[in-house]
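Using the hints, put the two chains back together into the complex; each one sits in its own frame.
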Amino acid sequence: MQEEMRMDPRVYLMGEEVAQYNGAYKVSQGMLDEFGPERIIDTPIAELGFAGIGVGSAMNGLKPIIEFMTFNFSLVAIDQVINSAAKVMSMSGGQYGCPIVFRGPTGNAGMLSSQHSQNFENWFANTAGLKVVVPSNPYDAKGLLKSSIRDNDPVIFMESELMYGDKGEVPEGEYVIPIGKADIKKQGTDVTLVSFGKMMKVALGAAEELAKEGISAEVIDLRSVRPIDYTTVVESVKKTNRLVVIEEAWPLASISSEISYHVQRYAFDYLDAPVHRVTSLDVPLPYAPTLIEAILPNVEKTVKAAKAVLYRN
Amino acid sequence: MEKVKNKASKNGKASQTKHPKERYQFWFENMLLMRRFEEKAGQLYGQQKIKGFCHLYIGQEACASGAVSASIKGDKWITAYRDHGLPLALGSEPNALMAELFAKATGCSKGKGGSMHFFDKEVNFLGGHGIVGAQVPMGAGIAFSEKYNKTGKVCFCYMGDGAVRQGAFHEALNMAMNWKLPVIFVIENNGYAMGTSVQRTSNVTELYKLGSAFDMPSEAVNGMSPEAIHDAFYEAAERARRGEGPTLLELRTYRYKGHSMSDPAKYRTKEELEDYKNQDPIEHVRGVLLENGWATELELETIESKIKDIVNASVTFAEESPFPTADEVYKDVYAEADYPYIID
Ligand SMILES: Cc1ncc(C[n+]2csc(CCOP(=O)(O)OP(=O)(O)O)c2C)c(N)n1
Ligand SMILES: [Mg+2]
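Chains as they are written, first to last, in this note's numbering: chain A, 4 to 316; chain B, 1006 to 1349.
With the rest of the complex left out, here is chain B (with noise of 0.2 angstroms):
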């Protein structure tokens, strides 16, 4: 039986181990493209270009590019409709992207999904759901496929903070473990559901302990690191790839604007923004990269004006597409061709 691990510091565990340049450059121009594209869809929500519901991820990038670090070829995600910066870290075409916040039909999802229902089959990315913790069981079930397949590969189940009050997430977890599925379950704690503390919906509070109900290795790791991250998604998925079963991770981590775009949040302080904001982990990776000579101030610019350019390019992109056509309405309902849709 697993012990429970207790290694979490109040911003959960930190890294331990030495990251090559590589993988350094790799997270800044990772989050930073994260970053640029969602302050971008921000601005454009503003000047009603994109519409819905939108909810940004800046300030948890690390969340995503640590994991993908750690990741191979072949593992599957998914997540809830925070679903923006998985993606983009997994490597989809930000113009198909930016599209489908356009509703266009060049957009990923065929301007059929919005902001919330990012799919990429390519990066081997099923979605962004939009029922708070029903990602949570079908990312046990995609875990169970590989397993079934036996094919060594893993499934990256995110969810947020709110998500792990669902029943769903209980059941998905009692038998992830029973069945010893390849599926890591990760929970990006940023404080808040909405307007609602994580302090409010419960007294677990270490949302990392929920594992113990389980017998599950768990563990909070922080969520603004991307070394922690990669180091405790490496193991993890290590675990899984040995058929050990599944591991949660709950990563402490913070969003940096509202809940979505109609959000002031008005909840919290500035303080606590900005202590966040100072252990931002786009500015801690250029730090390292800088101090450690791996790269100099201009190279970085180069970085930032090429990724301003990919933004730029994925909102003239989205704003040429053409929306989709009325005739698209009865695709991608069903597989069988020619269903006999009742039409009056």
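Isolated chain A (complex conformation) (with noise of 0.2 angstroms):
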């Protein structure tokens, strides 16, 4: 954020205590001081009133990054991210556009219970006009986001509130990741497993795990859910034949439903197995760890699920 800020006097960051209090969880440490007040703006609690006024600054000429302090409070923004931000392209025929990016962590975050443990990138990548972008590891999170927040559509930035203490190489300088390309994390050959977010560690922890009862798993970071990198998922299907999609949403009209769909149409006649897929379990997310335990996505749920495309046990 520091360094586009710098090159682009148009962005400004405004959400609640990302300011004085230098962000809820330390995103923004120490903005304030290098850009003051009017580009560092706290705001009250009012997350549909600062929606609106960011999708508003856009539309006249601003680039707004409006952070959520999670996603779980963009409900009461909703309106303004769907209604206003998503549409304003189309309703005016192209007059006005609306280049701003909403962040904010999505996802269970250690025992919160239901109202602070939930995923709505499926919610967001279901709209036409929006785009929705959800990094695994801080390599990827800083070249998204600096290409989210030179893009001119409005972006759905979604961080994990687990991941924000994760260390990893950051260089220094100067790149960008385009959105809507997947990283193949690692290559292989029996099956594919597709994910994004914070479930790449499950993902990946899981390609170990099936490594070392000598099953090669080639391992999909989708990196954005809208667009989605179908080519990339396709492709490997083609060339593993099984397929398991891990995602911490519910499973209903999922990215994991969205996927499998786009795989049986595209690669039906490659398929040696029905897609699975590991989601949270289709109940609220309780306070109890064994409860958590049990219904999130996990390595070892990943490997069964694996196992069970494979035929093998």
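Just so you know, not all the hints are guaranteed correct.
[Unchecked claim] List time: in silico SDA-like cross-link candidates among lysine to any residue, alpha-carbon distance up to 25 angstroms:
{"hint": "1", "chain 1": "B", "residue 1": "LYS1126", "chain 2": "A", "residue 2": "ARG13"}
{"hint": "2", "chain 1": "B", "residue 1": "LYS1126", "chain 2": "A", "residue 2": "ILE85"}
{"hint": "3", "chain 1": "A", "residue 1": "LYS149", "chain 2": "B", "residue 2": "ALA1342"}
{"hint": "4", "chain 1": "B", "residue 1": "LYS1126", "chain 2": "A", "residue 2": "ASN86"}
{"hint": "5", "chain 1": "B", "residue 1": "LYS1214", "chain 2": "A", "residue 2": "ILE48"}
{"hint": "6", "chain 1": "B", "residue 1": "LYS1155", "chain 2": "A", "residue 2": "ARG42"}
{"hint": "7", "chain 1": "B", "residue 1": "LYS1336", "chain 2": "A", "residue 2": "ILE85"}
{"hint": "8", "chain 1": "B", "residue 1": "LYS1054", "chain 2": "A", "residue 2": "SER93"}
{"hint": "9", "chain 1": "B", "residue 1": "LYS1336", "chain 2": "A", "residue 2": "ASN129"}
{"hint": "10", "chain 1": "B", "residue 1": "LYS1126", "chain 2": "B", "residue 2": "ASN1154"}
[To be verified] If you want the ones that stay clear, here's a sample from chain A, every Cβ over 12 angstroms from chain B, calculated:
{"hint": "11", "residue": "GLN32"}
{"hint": "12", "residue": "GLY168"}
{"hint": "13", "residue": "GLU211"}
{"hint": "14", "residue": "ALA214"}
{"hint": "15", "residue": "SER219"}
{"hint": "16", "residue": "LYS242"}
{"hint": "17", "residue": "ASN316"}
No wet-lab data here; the hints were simulated from the structure. Everything numeric in this text was worked out from a predicted model, so none of it was measured. Beta carbons: idealized from backbone N, C-alpha and C, even for Gly.
Below, the structure written as structure tokens:
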């Protein structure tokens, strides 16, 4: 964010606790000092209001970054995201666009119970006019965030509370990662594991376990769920003939159902087994660790699913 | 701390100043264009040449005209779906607006918006919005960017009386006041949100008083009087340009027609309608022009027939224009030219 704000004076950051408090999760540490209160703006707790202010300012020439403390709270503002940001370009016949980034953490983040542990990637991905980016590691997060800020369309950028502490190689210098290009994290021949965001750790962990048993998994990080890089997935399935999708959201009308549709439509003759998926169970996520363990996707469940499509046990 | 002004009579504050001849001439022509354009639109709707939802502005014309005369070039405008009046008042091409109603490719929004979503960047009209109240924070955001860029321009953000019951309204007013955004919040209080009267939605029926929750300068204005509206808008805009932040104006007005074309408006009395028609802003301005010898009957008739020609020409233009072709489907959704749509 800092690098982009230094380069483009139209970019500003707005949200709850982003300025004086340095961010609820310290994401905007030091930014108030560097850019001042005109560009790093604390808001009252009024998601609908400040999302709308962001949209109006984007239509009128600025490039706002609107932070939701978490995406659970974005539901209060979803009208402005779906009905305003995603629609003004079309409704105005191309006269007004909305170059805005809505960002913040998504997904479960420890024992926070059901209102603070949700994944709405598929909700936003369903809406034409938006782009939805979900990085899985620090290197990607920087390159994808830069692309998102530079993008002239509204971008939903979904981070992870649990990964804010992650450490990884992040070059100081300038680089961008294009939105809509999946990343093949690990080449493999026996089964394809597709995931994105925090669940990439599960996918990669499962691939490691499978390797111990001589199973070679190809692991794909979608990086964005709108648009989705279907080509990379289909090409991989044509090679491995088997697919498991891992996703933190609930199963119905999810990214995994979408990928499954696409693969049966465009790689049907290549499939040697039905597509399987590992999602959260179809219930709210409660407080108790035992229940969380039972509900969320994990390495063990993923390994089991991979073996199922390989007809092994 | 500013005190909320409480100068409201039943109809809101009247004008205290004398306005020049040219302004009355502008108002007359400007309001008459809106009136005739919409009368024609109503007819065409009856003939099913115009489809969708269609909300007429007839009766409320002063709220646009009196505002436009008090604004400067570069000021921004946003409103809800009752949006035919503002762009017409701002000087949008009637042809493009009529074509939009006809869903034609030559429409101001290329036939993609329709009646509820007129947009015209030429005149800084940032739209017609269909979610009641959503344009209120957007208007604050437009003002935010004017302040950010230190332009000295303001945003006029219109809404109906129904919109003030939305949370978005209260959130936006609060932040706009706290941040001294150059925005004028304009409530067009026509007494009803669809069939629900203002009295039935809250104990607070003098809507300008809602500004007091945020210490915002607020007043009720006679919404049938272009003079009063001009004065109030000018004062509010000047305050905003000086960096002193927003104003809430409640324009007490009336829509002569139903909420939309399908509404026979049975929830109100004939007397109430007649009472407002007797205060018709166009008739009022016509009277002032004649009484002062600023125009003759003949001159006003010439204007009438000129406007009739403009409106008729816009219908011809709209009828002769093509519908958007199917290749438009994937245009104007993303700024990105080669977005990879899912095409099964
Ligand atoms: C959020 C939302 N709820 C309901 C509607 C349906 N609706 C359209 S117009 C309207 C009445 C609004 O009245 P008001 O704000 O007074 O504006 P007016 O029509 O009088 O100009 C309603 C309820 C809507 N468009 N948006
Ligand atoms: Mg109303």
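Here's how the hints hold up against the structure:
1. Using a Cα cut-off of 25 angstroms, the hinted pair B:LYS1126 and A:ARG13 holds, with the two alpha carbons roughly 20 angstroms apart.
2. Taken as a hint, the B:LYS1126 and A:ILE85 pair is honoured in the structure, with Cα atoms around 22 angstroms apart against an allowance of 25 angstroms.
3. At roughly 19 angstroms between alpha-carbon atoms, A:LYS149 and B:ALA1342 fall within 25 angstroms of each other, so this suggested pair holds.
4. Restraint check for B:LYS1126 and A:ASN86: the C-alpha separation of about 20 angstroms stays at or below 25 angstroms, so the hint holds.
5. Of the supplied pair hints, the one linking B:LYS1214 and A:ILE48 holds, its CA atoms being roughly 23 angstroms apart against a limit of 25 angstroms.
6. Between B:LYS1155 and A:ARG42 the alpha-carbon distance is near 13 angstroms, which keeps this suggested pair within the 25 angstroms criterion.
7. The suggested pairing of B:LYS1336 with A:ILE85 holds, with an alpha-carbon distance near 18 angstroms, which does not exceed 25 angstroms.
8. Between the alpha carbons of B:LYS1054 and A:SER93 the distance comes to roughly 23 angstroms, so the proposed pair stays at or under 25 angstroms and holds.
9. Simply put, B:LYS1336 and A:ASN129 have alpha-carbon atoms about 18 angstroms apart, close enough for the 25 angstroms limit, and the pair holds.
10. With a C-alpha separation of about 18 angstroms, the suggested pair B:LYS1126 and B:ASN1154 falls inside the 25 angstroms cut-off, and the hint holds.
11. Every C-beta of chain B lies more than 12 angstroms from that of A:GLN32, the closest at about 23 angstroms, which supports listing it as non-interface.
12. The Cβ of A:GLY168 sits about 32 angstroms from the closest Cβ of chain B, beyond the 12 angstroms cut-off, so the non-interface label holds.
13. Non-interface call for A:GLU211 relative to chain B: holds, since the shortest CB-CB distance, roughly 32 angstroms, exceeds 12 angstroms.
14. Taking the minimum C-beta to C-beta distance to chain B, about 33 angstroms, the non-interface status of A:ALA214 holds against the 12 angstroms cut.
15. With a least beta-carbon separation of about 29 angstroms from chain B, A:SER219 lies farther than 12 angstroms from that chain, consistent with its non-interface assignment.
16. With a least beta-carbon separation of about 22 angstroms from chain B, A:LYS242 lies farther than 12 angstroms from that chain, consistent with its non-interface assignment.
17. No beta-carbon of chain B comes within 12 angstroms of the beta-carbon of A:ASN316; the shortest separation is about 36 angstroms.
In summary, the structure agrees with every hint in the numbered list given earlier.
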